[in-house]
Amino acid sequence: MRLLLHRVIFVIFLIILWQGIFALNIWPDFLLPSPLSVGKTLIEGFKDGTFIIALGASFRRILLGYTITIIFGSLLGILIASNKIIDGIVGPFILALQSVPSVVWLPLALLWFPLGEAAIIFVVVLGGTWNMVINTITGIKNVQPVLIKAARTMGANKIQLFWKVILPDSVPHLITGMRLSWAFSWRALMAGELIGTGTGLGQILMWGRDMGNMSMVIAIMLLIGIIGCLTDNLIFKKLEEEVFARWGLNTQ
Amino acid sequence: MKIVVAKNVYKSFPQKSGHNLVVLKDINLTINKGEFVTLIGPSGCGKSTMLNIIAGLILPDKGRVLVNGKKVTSPGKDRVMVFQEGALFPWLTVLDNVMFGLKTNNIDNQTAYKRALEQLKAVHLHKFKDAYPHQLSGGMKQRVAIARALVMNPQILLMDEPFGALDEQTRLILHRELLEIWLKTRKTIVFVTHNIREAVKLSDRVIVFGIHPGRILKEFKISIPHPRPRGNQHLIKIENQILKILQQEVEKHMKIMGGKFGK
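If you're matching them up, the sequences are chains D and U in order. With our numbering applied, the first sequence covers 48 to 299. With our numbering applied, the second sequence covers 1411 to 1673.
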């Protein structure tokens, strides 16, 4: 509770500092808008529905892209982890792919998928998938051998070993993978929307830039940050903590 | 009546250096039905490997193990194993852990539930049936592991240093409980430990393993009835004999190693 209070005080301090710099009049309004004007833009954006439409468009994309990411990423991870030859050949490339920011695929994606929508979702999927793959592989490879032995002496067959031991023992890694993939997908979506077409948050931000409306740009930036923070803290962190506690692992 | 027969079992593991480490050499042993047999020896003598071979988790390079006259080629639910770390599934409750083996063998839920609960009562843990493993102490975890093995109603209980990680008091309590279960059910128990007192206190027969290569040095039959009193002269004599054999074996091995390093 005390920590929360301190955080609120910190945010108020930041806003006062911002207002103070604004009041010094070093930069013109269109370079540095005041907190008040950003606040107004936020309220108006929600009132006239622009932001709601933008949020809707962005969420539709990320939910679709993220669902594909999780399914495709975990299946690919399972395939790679269960076959040493595939792992040896493909493993290093997955790491290489992960280090490529997915937005660099966008120019190609726009050619492949003439509809901008599909191109952005493609970038979102590429943004999160590799992380999901890597965490799935780590999870499956780190299953405790003694658990497999125990299940085998109790008569578990290969299919049962997979569904009842290997998969559940990997769940903490899978959850971490899901959390990181969400963060990567969200970043990829925003990057994709800045370049691509449509009515998402990123596109409204670019539109604000084109209009020279920096209040709009900063308002959207705040929204992107708040949404990223809320989903991570309210959904993924809680889920991770719960799973780690149940599995008897340290939550850190 | 013989239940386990090992004939000329030989097992080696490849090392990083390219050499093969011979872990078991020409192991011949016979275990009778209802017998409590302990395999004892220094670390690396292959006693756990032998247990894994009987379980069917590891296959020998040469020789074979017969259980009830049939060659062991894979794990079977007539031989269930209890591990040192308990090896409980952390995502399952105590009850679900105990029901695991029954469910994998397609026993219906109701029967599985009834049998698991009964078994948990036998190890005095039915009140903890909904707890998760990480909420239990080391001794409680081992009790669950024993219940999980016994609920399968195996002919043979294989125990790989099951009390090795417990404190002395807890170990003594679990000794008593295991003996109670054994005297009641008369299951065949093959027990692995490096604790001499534990071996002599619990078993009908102690098989002493030597190291490099792992082989059988000597067998001791102990026919004193349970409960065996602490400080019994005969037991102490056997303990000392085993200690002497193992000390000689470890010293001999250290001399060989010392010689290698000396050059």
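Since the hints were made in silico from the structure, they are not lab data. Since this is a predicted model, take the numbers as computed values, not measurements. Treat the hints loosely; a few may be bogus.
Stated by the list, open to error - To give an idea of the chain D side of the interface with chain U (calculated C-beta under 7 Å), a few residues:
(1) 138
(2) 194
(3) 197
(4) 199
(5) 201
(6) 203
(7) 205
(8) 207
(9) 215
(10) 295
Claimed, not checked - Result set (DSS-like, lysine-lysine): computed pairs, CA atoms no more than 27 Å apart in a straight line:
(11) D/196 / U/1480
(12) D/94 / U/1647
(13) U/1597 / U/1480
(14) U/1647 / D/196
(15) D/188 / U/1654
(16) D/196 / U/1481
(17) D/196 / U/1631
(18) D/196 / U/1662
(19) D/205 / U/1487
(20) D/196 / U/1417
(21) D/211 / U/1537
(22) U/1513 / U/1435
(23) U/1412 / D/205
(24) U/1435 / D/87
(25) U/1481 / D/205
(26) U/1631 / U/1662
(27) U/1487 / D/285
(28) D/196 / U/1487
(29) U/1480 / U/1435
(30) D/211 / U/1412
(31) U/1443 / D/196
(32) D/205 / U/1472
(33) U/1631 / U/1647
(34) D/196 / U/1513
Ideal Cβ positions, reconstructed from N, Cα and C, are used throughout, including at glycine.
Evaluation of the provided hints:
| no. | hint | in the structure |
| --- | --- | --- |
| 1 | 138 | 22 Å, violated |
| 2 | 194 | 6 Å, holds |
| 3 | 197 | 4 Å, holds |
| 4 | 199 | 5 Å, holds |
| 5 | 201 | 3 Å, holds |
| 6 | 203 | 5 Å, holds |
| 7 | 205 | 11 Å, violated |
| 8 | 207 | 5 Å, holds |
| 9 | 215 | 5 Å, holds |
| 10 | 295 | 3 Å, holds |
| 11 | D/196 / U/1480 | 21 Å, holds |
| 12 | D/94 / U/1647 | 91 Å, violated |
| 13 | U/1597 / U/1480 | 19 Å, holds |
| 14 | U/1647 / D/196 | 37 Å, violated |
| 15 | D/188 / U/1654 | 43 Å, violated |
| 16 | D/196 / U/1481 | 20 Å, holds |
| 17 | D/196 / U/1631 | 31 Å, violated |
| 18 | D/196 / U/1662 | 34 Å, violated |
| 19 | D/205 / U/1487 | 15 Å, holds |
| 20 | D/196 / U/1417 | 24 Å, holds |
| 21 | D/211 / U/1537 | 25 Å, holds |
| 22 | U/1513 / U/1435 | 38 Å, violated |
| 23 | U/1412 / D/205 | 31 Å, violated |
| 24 | U/1435 / D/87 | 83 Å, violated |
| 25 | U/1481 / D/205 | 21 Å, holds |
| 26 | U/1631 / U/1662 | 25 Å, holds |
| 27 | U/1487 / D/285 | 40 Å, violated |
| 28 | D/196 / U/1487 | 12 Å, holds |
| 29 | U/1480 / U/1435 | 22 Å, holds |
| 30 | D/211 / U/1412 | 35 Å, violated |
| 31 | U/1443 / D/196 | 24 Å, holds |
| 32 | D/205 / U/1472 | 26 Å, holds |
| 33 | U/1631 / U/1647 | 12 Å, holds |
| 34 | D/196 / U/1513 | 17 Å, holds |
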